[in-house]
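J.: Taken in sequence, the protein lines are chains A and B.
Residue 1 is where the first sequence starts when you use the working numbering, and the numbers rise one by one after that.
Residue 1 is where the second sequence starts when you use the working numbering, and the numbers rise one by one after that.
Source of the hints: derived by calculation from the structure; they are not laboratory data.
Computed from a predicted structure; not experimentally measured.
Where is the CB? At the ideal position from N, CA and C, for every residue including glycine.
Check the hints yourself; a few may be wrong.
[To be verified] Take a look, some chain A residues computed to stay more than 10 Å from chain B by CB distance:
| id | residue |
| --- | --- |
| 1 | 9 |
| 2 | 47 |
| 3 | 49 |
| 4 | 86 |
| 5 | 109 |
| 6 | 152 |
| 7 | 156 |
| 8 | 158 |
| 9 | 191 |
[Said to hold, decoys possible] In silico contact screen, one side only, chain B against chain A (beta carbon under 8 Å); selected entries:
| id | residue |
| --- | --- |
| 10 | 9 |
| 11 | 15 |
| 12 | 21 |
| 13 | 25 |
| 14 | 37 |
| 15 | 53 |
| 16 | 92 |
| 17 | 95 |
| 18 | 99 |
| 19 | 106 |
| 20 | 108 |
| 21 | 113 |
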Amino acid sequence: MKIVAAKKILKANDQLANENRAAFSGRQVFCINLVGSPGSGKTTLLEALFAQWGQRCAPAVIEGDIAGQVDAQRMEQIGVPVVQINTDGMCHLDASMIAAAAQNLELTGVTMLWIENVGNLVCTAGYDLGEHLRIVALSVPEGDDKIIKYPAIFQRSDALVLTKIDLLPHLNFRTAKARADMQRLAPEARIFEVSARTGQGLPELATWLVERRAAAAPSRS
Amino acid sequence: MHEMSIVQALLEQVAEEVDQAGQRGRVVSLHLVVGRLSGVHVDAIRFGFELLSPGSIAQGAALRIDQPPARCHCDRCGAAVEIAEIVSACPVCGHADIIIRGGQELLLQSIELEDEDQAGEASSSDGWIHENRGSKEDPEGQ
Ligand SMILES: Nc1nc2c(ncn2[C@@H]2O[C@H](COP(=O)(O)OP(=O)(O)OP(=O)(O)O)[C@@H](O)[C@H]2O)c(=O)[nH]1
Ligand SMILES: [Mg+2]
Ligand SMILES: [Zn+2]
């Protein structure tokens, strides 16, 4: 006897992710899943974006790390509400972890909820967390071959942020190649080139995010 | 290695599907679909299954894993070609104006159960006992 299931293996996660998304939308919270390699500059990018927005954005952050509180402490230092998830060795966050973490966050008044995923280009790709937008950060020192080496995560992201571009003069990173590779995999995705160090490219990214938020969750007024 | 979490989710899903179908026979085989660009390693799935399936409803089941290719669509020559791995130019005309789609499937396609009235009968060596029951499902369905 044969049972034809034809269902996604991670459908239980997907269902929970959809519930998360609906809950965030219901509270006018725009949720962004930020993925990238360890050290690609995710936390620094958040710090720079929040500084760029100042009072104009009320962010909260869920920090996902295998261990430690370092990134959460960095958010606390700049006064951003934060919950740290430690995955105890797991290489990605999943929707149930986000549901639990969100319970521990006061979301009233929050307009943007950022999830900094565990630094990993492989395992994070398959797990929808309930975000409205997925952004992949690729720091230029990592090399311009990463997009074709780890296609899944790039294929499934809404934007690529090339980070640390202040270092480009010291590297042989081909920005045009990275852009072309990304366009082949995710033709609809936006591509940004940013340096958190110099601030280059930050305003464009910040503006686009605000636009995306407005389009996804029009304010109550 | 997230294949462990995937196998865990798979085993839960198999139990749920069998339960929903009101069945209780032994699981003889599982048919999975793992796209070439899914970032999921088939060897790691098999390894995880060996490790995690004992004691579960799928203990001893054979794994049949299809790995559908991705497709490369060329803007220049119009070719739509199946590709097993990522390319940066059209395999037909060599131009770089291409878009790569698909190959990301991660599906539990079907579950083969031992029929209860055949429960005593030995299944064939590879675990396939109903090859004749026309089962040409579309592996896409995502
Ligand atoms: N030159 C330069 N360095 C940067 C930039 N952004 C981040 N860095 C440095 O890169 C290193 C890693 O940055 P993080 O922001 O901690 O990276 P992360 O992705 O959050 O790291 P994990 O959370 O550990 O995965 C730090 O030493 C940063 O100072 C940048 O725009 N330019
Ligand atoms: Mg960090
Ligand atoms: Zn062509």
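J.: Now tell me, hint by hint, if it's right for this structure.
T.: Structure-based check of each hint:
{"no.": "1", "hint": "9", "in the structure": "violated (5 Å)"}
{"no.": "2", "hint": "47", "in the structure": "holds (28 Å)"}
{"no.": "3", "hint": "49", "in the structure": "holds (27 Å)"}
{"no.": "4", "hint": "86", "in the structure": "holds (16 Å)"}
{"no.": "5", "hint": "109", "in the structure": "holds (34 Å)"}
{"no.": "6", "hint": "152", "in the structure": "violated (4 Å)"}
{"no.": "7", "hint": "156", "in the structure": "violated (7 Å)"}
{"no.": "8", "hint": "158", "in the structure": "holds (15 Å)"}
{"no.": "9", "hint": "191", "in the structure": "holds (15 Å)"}
{"no.": "10", "hint": "9", "in the structure": "holds (6 Å)"}
{"no.": "11", "hint": "15", "in the structure": "violated (12 Å)"}
{"no.": "12", "hint": "21", "in the structure": "holds (5 Å)"}
{"no.": "13", "hint": "25", "in the structure": "holds (7 Å)"}
{"no.": "14", "hint": "37", "in the structure": "holds (5 Å)"}
{"no.": "15", "hint": "53", "in the structure": "violated (14 Å)"}
{"no.": "16", "hint": "92", "in the structure": "violated (15 Å)"}
{"no.": "17", "hint": "95", "in the structure": "violated (11 Å)"}
{"no.": "18", "hint": "99", "in the structure": "holds (5 Å)"}
{"no.": "19", "hint": "106", "in the structure": "holds (5 Å)"}
{"no.": "20", "hint": "108", "in the structure": "holds (5 Å)"}
{"no.": "21", "hint": "113", "in the structure": "holds (5 Å)"}
Hint compliance for this structure: hints 1, 6, 7, 11, 15, 16 and 17 are broken, all remaining hints hold.
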